[in-house]
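For the record, the sequence lines run as chains V and S.
Counting with the numbering used here, you get residues 2 to 363 for the letters of the first sequence.
Counting with the numbering used here, you get residues 573 to 898 for the letters of the second sequence.
For the record, the hints were derived by calculation from the structure and aren't laboratory data.
Think of the CB as a built atom: it goes at the ideal place given N, C-alpha and C, for glycine as much as any other residue.
Heads up, a few of these hints could be off.
Claimed, not checked - Facing chain V, a subset of chain S residues (Cβ under 8 angstroms, in silico):
id: 1; residue: G637
id: 2; residue: A644
id: 3; residue: M647
id: 4; residue: N668
id: 5; residue: R674
id: 6; residue: S682
id: 7; residue: G714
id: 8; residue: L848
Claimed, not checked - What follows is a list of derived Cβ distance ranges for each label pair:
id: 9; chain 1: S; residue 1: R824; chain 2: V; residue 2: R151; range: 47 to 53 angstroms
id: 10; chain 1: V; residue 1: R269; chain 2: S; residue 2: Y839; range: 37 to 43 angstroms
id: 11; chain 1: S; residue 1: D773; chain 2: V; residue 2: A343; range: 20 to 26 angstroms
id: 12; chain 1: S; residue 1: H711; chain 2: V; residue 2: W297; range: 57 to 63 angstroms
id: 13; chain 1: S; residue 1: P874; chain 2: V; residue 2: G123; range: 55 to 61 angstroms
id: 14; chain 1: V; residue 1: A9; chain 2: S; residue 2: E591; range: 44 to 50 angstroms
id: 15; chain 1: V; residue 1: R246; chain 2: S; residue 2: P874; range: 53 to 59 angstroms
id: 16; chain 1: V; residue 1: K305; chain 2: S; residue 2: P713; range: 45 to 51 angstroms
id: 17; chain 1: S; residue 1: D773; chain 2: V; residue 2: G123; range: 54 to 60 angstroms
id: 18; chain 1: V; residue 1: V180; chain 2: S; residue 2: R837; range: 38 to 44 angstroms
id: 19; chain 1: V; residue 1: R357; chain 2: S; residue 2: E852; range: 21 to 27 angstroms
id: 20; chain 1: S; residue 1: G851; chain 2: V; residue 2: D272; range: 56 to 62 angstroms
id: 21; chain 1: V; residue 1: R151; chain 2: S; residue 2: P713; range: 29 to 35 angstroms
What the hints assert, rightly or not - A few chain S residues that don't get close to chain V, going by computed Cβ distances all over 12 angstroms:
id: 22; residue: F610
id: 23; residue: E623
id: 24; residue: L858
id: 25; residue: M895
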Amino acid sequence: MQQVASFAVERTAYLDADGSSVERLPAFAGDRDELVRLYRSMVLTRTFDAKAVALQRTGRLGTFASSLGQEAVSVGIGAAMRAEDVLVPSFREQGAQILRGVTLEEIFAYWGGDERGSDFAGPREDFPICVPVGTQAAHAAGVALAFRLRREPRVAVCVMGDGATSKGDVYEAMNAAGVWRLPVVFVVNNNEWAISVPRSRQTATKTLAQKAIAAGFEGEQVDGNDVIAVRAVMERALALARDERQPRLIEALTYRLSDHTTADDARRYRDDKEVSERWKAEPVGRLRGFLVAREWWSKGDEEKMLAECAREVDAAAEAYLARSDQPATAMIDHVFAELPAAMEGQRSAIAALGARAGGEGR
Amino acid sequence: MTALTMVEAIRDAMARAMEEDPDVLVLGEDVGHDGGVFRATEGLFERFGEERVIDTPLSEALLAGLAVGLGAQRMRPVVEFQFDGFLYPAIDQLVNHAGRLRNRTRGRLSCPIVIRAPYGGGIRAPEHHSESPETFYAHMPGIRTVIPSTPRRAYGLMLAAIRDPDPVVFLEPKRLYRAVREEVADDGEALPLDQCFKIRDGTDVTLVGWGASLARLLEAADLLAEEGIEAGVIDVATLKPLDAATILDAVRRSGRCVIAHEAPRSYGPAAEIAALLAGEGLFSLLAPVERVTGFDVPVPLPRLEDHYLPDAERIAAAARRLMGYR
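Start from the sequences, fold in the hints, and give me the full structure.
Below is the structure:
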């Protein structure tokens with residue numbers, strides 16, 4: 002008998018839970034401004050999430066998926082991507098979206114039930130949030146195939162949760178990425194819970210990263226609560242995808258400190274003690290510890306930044322709340338490039354309903 | 573002009589579209605070297621190369637999702653599914669993404685894709701190879717469902733589907749692939765989508781159908797003509813958006829309507845057309861609306877298939893029943 006295949010999965014981490022470095026740091030970690038940018042992005046994301054939950058609890062926003070505790074994953078992704086790359090997100094990547102230029106007001110609008118929230122003024126080619134789990138993986142493969150056919154040095158980045166890795170769609174997309182050597186990076190935000198189903202019941206594999214092996218490319222793990230590590234690993238993966246046409250799967254190990262969404266109550270299935278234990282490893286305090294230890298960050302800096310983030314989020318929330326609704330006819334005006342004649346009657350009916358409600362019907 | 577079969581006409585339309593627009597791609601299982609299991613892509617690989625005629629893994633959910641990603645990047649993928657029965661895994665992508673990407677981004681991203689599949693019964697095929705699932709696609713918002721019934725219409729409608737800025741599900745009646753030849757000018761002229769075609773005038777009864785049923789309707793019209801019954805025939809062609817005006821106009825003249833399809837009866841497209849006539853054509857009707865359809869059963873295997881598929885005799889019988897109403 003001979004061994005015909007074998008694999009290894011590596012894990013990258015730079016900071017331990019209190020922010021001390023355990024590895025030689027990547028070069029960008031010597032740049033205070035870059036680390037402060039990452040730190041501020043995580044804080045802004047956390048401030049945004051808290052506001053969104055508060056708005057939902059007071060009836061001013063729809064169901065919302067917080068990224069509490071997982072900010073380093075999406076901020077690390079957003080910080081490493083280039084503007085011309087395309088983000089194909091799931092529904093917990095607001096940190097990356099914000100860094101890519103999606104406005105806080107747009108994200109509020111989306112979760113507030115307004116389609117205009119997905120008409121990003123910033124990253125025009127990024128995909129909107131994807132709700133049906135894992136279905137976005139094929140879109141990322143399609144986007145990457147377009148890049149490859151046009152010989153464009155761009156990368157599609159697909160983000161999904163741990164639960165998504167159980168879906169056939171995700172395997173189909175990864176398999177194609179392997180066959181065609183597509184410039185795509187799949188990132189699994191492994192926050193250990195798919196609503197109430199823990200990671201251990203999602204799959205028997207030791208890692209989620211190794212799911213890439215079956216598709217013919219490398220998978221690796223990264224400490225998803227270490228934004229320096231996420232950024233570094235993403236940067237490497239993006240370069241390999243861009244320059245060498247190597248797709249890659251990155252499993253970011255993190256933890257969902259919040260409920261699945263505001264419609265969920267995690268206490269029904271998850272021990273509070275587990276959650277408080279995991280708070281000790283959360284990403285924001287970790288990077289702050291690192292910055293403070295280097296004397297790159299003071300109490301005054303912290304207070305100033307917290308106030309700035311709060312102001313920015315509050316202003317976006319006010320702008321969102323002050324928005325007027327789209328006319329009722331907006332529901333039919335974007336279904337096709339041009340309204341088919343057969344739908345004109347339905348459009349008139351919608352316009353009449355809009356007018357009845359006192360809105361701008363047409 | 574050359575006399576072409578439907579499958580050749582479809583191939584020529586794809587080639588023409590690829591010639592005129594470098595963003596048009598053909599993807600699917602076995603579409604490359606093999607030229608497609610029905611040979612609909614024969615010669616395209618040799619002519620346009622492996623970057624425009626792309627053999628994919630055996631991966632139907634991927635195929636539709638891939639098209640969404642390509643479409644969002646302004647490519648125009650024409651995706652072949654090998655058989656109607658293998659199109660079901662794509663429904664998730666079609667209903668959740670292709671049909672709504674434009675709407676949910678308020679026009680920022682769109683999905684100019686064509687999903688092709690051989691469809692329908694009548695060729696003594698194995699299980700899952702004789703489905704008529706048009707209702708599913710016709711029910712999805714944001715998607716056009718187009719079914720040609722002759723080589724010429726296949727050519728013109730396929731060109732229109734590829735050039736259309738929105739997703740089109742293009743179902744090709746496989747029993748017609750090689751059934752007849754027709755002169756087809758490869759002139760790049762598209763036929764209009766969203767329009768029914770009036771094939772034959774007739775003042776006594778209007779026969780409505782699409783795809784492989786069209787030939788059955790015409791046979792029935794001939795049978796009826798021998799009995800002095802003048803039957804008009806309409807090829808629906810685009811099931812959705814449905815050209816109600818053409819159907820209503822014809823039925824207003826005849827007062828009678830028979831709708832035929834291979835798809836199962838309940839909630840089938842004939843029910844939609846019957847509802848249209850009840851809602852907007854009621855006072856023109858001289859008789860109830862008749863539906864000649866498949867039954868609410870899985871398509872039978874070949875030995876019972878002929879009892880399932882609507883034929884000219886069933887259609888003519890329905891028309892005769894209607895003539896009994898004065």
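Evaluated hints:
1. G637: holds, 2 angstroms
2. A644: holds, 6 angstroms
3. M647: holds, 5 angstroms
4. N668: Result: holds, 5 angstroms to nearest chain V Cβ.
5. R674: Interface hint status for S:R674: holds (6 angstroms vs cutoff 8 angstroms).
6. S682: holds, 7 angstroms
7. G714: Status holds, d = 5 angstroms.
8. L848: With a closest approach of 10 angstroms, the S:L848 hint is violated.
9. S:R824 / V:R151: 47 to 53 angstroms: holds, 52 angstroms
10. V:R269 / S:Y839: 37 to 43 angstroms: This hint holds: roughly 38 angstroms between Cβ atoms.
11. S:D773 / V:A343: 20 to 26 angstroms: holds, 23 angstroms
12. S:H711 / V:W297: 57 to 63 angstroms: 59 angstroms Cβ-Cβ, so the 57 to 63 angstroms window holds.
13. S:P874 / V:G123: 55 to 61 angstroms: For S:P874 and V:G123 the Cβ distance comes to about 57 angstroms; the hint holds.
14. V:A9 / S:E591: 44 to 50 angstroms: holds, 49 angstroms
15. V:R246 / S:P874: 53 to 59 angstroms: violated, 47 angstroms
16. V:K305 / S:P713: 45 to 51 angstroms: At roughly 49 angstroms between Cβ atoms, S:P713 and V:K305 fall inside 45 to 51 angstroms, so the hint holds.
17. S:D773 / V:G123: 54 to 60 angstroms: Hint holds: Cβ distance 57 angstroms, inside 54 to 60 angstroms.
18. V:V180 / S:R837: 38 to 44 angstroms: holds, 42 angstroms
19. V:R357 / S:E852: 21 to 27 angstroms: holds, 23 angstroms
20. S:G851 / V:D272: 56 to 62 angstroms: holds, 58 angstroms
21. V:R151 / S:P713: 29 to 35 angstroms: Between V:R151 and S:P713, where Cβ atoms are some 31 angstroms apart, the hint holds.
22. F610: holds, 23 angstroms
23. E623: Check fails; 6 angstroms does not lie beyond 12 angstroms.
24. L858: Correct as stated: the minimum Cβ-Cβ distance to chain V is 25 angstroms, above 12 angstroms.
25. M895: holds, 30 angstroms
When the structure is compared with the earlier hints, violations turn up for hints 8, 15, 23 and for no others.
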